[in-house]
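Enquirer: Position 62 of the sequence shown, counted from 1, bears residue number 67 in my numbering, the numbering being contiguous throughout.
Just so you know, not all the hints are guaranteed correct.
Cut-off 25 Å, straight-line C-alpha distance, at most; resulting in silico cross-link-like pairs (BS3-like, lysine-lysine) [as the list claims (entries may be wrong)]:
#: 1; residue 1: Lys147; residue 2: Lys112
#: 2; residue 1: Lys80; residue 2: Lys70
#: 3; residue 1: Lys116; residue 2: Lys149
#: 4; residue 1: Lys162; residue 2: Lys95
#: 5; residue 1: Lys127; residue 2: Lys149
#: 6; residue 1: Lys95; residue 2: Lys116
#: 7; residue 1: Lys116; residue 2: Lys174
#: 8; residue 1: Lys147; residue 2: Lys157
#: 9; residue 1: Lys95; residue 2: Lys70
#: 10; residue 1: Lys127; residue 2: Lys90
#: 11; residue 1: Lys49; residue 2: Lys147
#: 12; residue 1: Lys127; residue 2: Lys147
#: 13; residue 1: Lys162; residue 2: Lys127
Now the in silico label distances, taken between C-beta atoms and shown as ranges [to be verified]:
#: 14; residue 1: Lys49; residue 2: Arg146; range: 18 to 26 Å
#: 15; residue 1: Cys136; residue 2: Leu47; range: 38 to 46 Å
#: 16; residue 1: Leu158; residue 2: Glu122; range: 24 to 32 Å
#: 17; residue 1: Leu158; residue 2: Asn78; range: 38 to 46 Å
These aren't lab readings, by the way, just hints derived from the structure by calculation. Even glycine gets a Cβ: it sits at the ideal position worked out from N, Cα and C.
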Amino acid sequence: TTLSNKNMERMGVRLNRMKKKSQQISADEKVIEQLQSISDELIKVKCLNNPCEIVGQGNFGEVYKASYKPIPNEKAQNVVLKVLKDENNKEDFDIEKTIGLLLRGHKNVLKLYGEAEFPNSKERCLVFEFCSNGDLLKYLRKPKKIMNYNKKLVILKQICEGMEYIHSKNVLHRDLGAR
Numbered sequence: 006t007t008l009s010n011k012n013m014e015r016m017g018v019r020l021n022r023m024k025k026k027s028q029q030i031s032a033d034e035k036v037i038e039q040l041q042s043i044s045d046e047l048i049k050v051k052c053l054n055n056p057c058e059i060v061g062q063g064n065f066g067e068v069y070k071a072s073y074k075p076i077p078n079e080k081a082q083n084v085v086l087k088v089l090k091d092e093n094n095k096e097d098f099d100i101e102k103t104i105g106l107l108l109r110g111h112k113n114v115l116k117l118y119g120e121a122e123f124p125n126s127k128e129r130c131l132v133f134e135f136c137s138n139g140d141l142l143k144y145l146r147k148p149k150k151i152m153n154y155n156k157k158l159v160i161l162k163q164i165c166e167g168m169e170y171i172h173s174k175n176v177l178h179r180d181l182g183a184r
């Protein structure tokens with residue numbers, strides 16, 4: 006199922022609300038066409054452990070490690086499930102999903118695969134690619150992880166390229182940082 010015109014109108018309204026919230030999202034016709042081609046169906050995910058292993062949390066909510074099989078008969082891949090804290094705030098969830106869909110297509114921006122129901126519940130969650138090295142701060146703080154100057158420059162360049170792409174889509178990140 007592709008996004009209906011009614012859903013696209015609602016998304017346009019949400020995008021306008023996001024502008025009012027200073028999140029600087031621009032919905033031009035090309036983006037609307039791209040979003041119309043993206044499936045609205047829930048994807049199926051499984052937890053690798055029972056219960057799902059929590060791998061991160063913050064003001065936004067919690068992140069869990071899971072497994073996703075995009076193509077039948079192929080090996081499952083690790084993903085993360087992002088569950089927003091205020092599960093009743095559908096608008097924030099939809100804004101997060103819309104931004105994730107807008108930002109698809111760059112190697113230095115975390116990929117959103119879609120939306121799912123959290124395993125063994127009806128709670129909605131977003132399914133993102135899994136970073137095996139964890140977040141940047143954990144990566145930098147690993148014991149015996151001494152990086153030379155060139156490696157640090159490569160990481161910095163990748164961050165800058167990702168941010169440039171995000172800004173080219175008229176999205177303001179507002180939470181960049183290794184804590």
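Enquirer: The structure should be examined with respect to each hint, and the outcome stated for every one.
Expert: Structure-based check of each hint:
1. Lys147 x Lys112: 24 Å, holds
2. Lys80 x Lys70: 16 Å, holds
3. Lys116 x Lys149: Distance of about 29 Å is beyond 25 Å: violated.
4. Lys162 x Lys95: Violated: Lys162 and Lys95 sit about 35 Å apart, past 25 Å.
5. Lys127 x Lys149: This hinted pair is violated, its Cα atoms lying about 42 Å apart.
6. Lys95 x Lys116: Holds, because 21 Å separates the two Cα atoms, which is no more than 25 Å.
7. Lys116 x Lys174: The hint holds at about 15 Å.
8. Lys147 x Lys157: Holds: Lys147 and Lys157 sit about 15 Å apart, inside 25 Å.
9. Lys95 x Lys70: Status holds; Cα separation ~23 Å.
10. Lys127 x Lys90: 14 Å, holds
11. Lys49 x Lys147: 33 Å, violated
12. Lys127 x Lys147: With a Cα-Cα distance of about 36 Å, the restraint between Lys127 and Lys147 is violated, given a limit of 25 Å.
13. Lys162 x Lys127: 40 Å, violated
14. Lys49 x Arg146: 18 to 26 Å: 35 Å, violated
15. Cys136 x Leu47: 38 to 46 Å: 23 Å, violated
16. Leu158 x Glu122: 24 to 32 Å: 42 Å, violated
17. Leu158 x Asn78: 38 to 46 Å: Holds, at about 42 Å.
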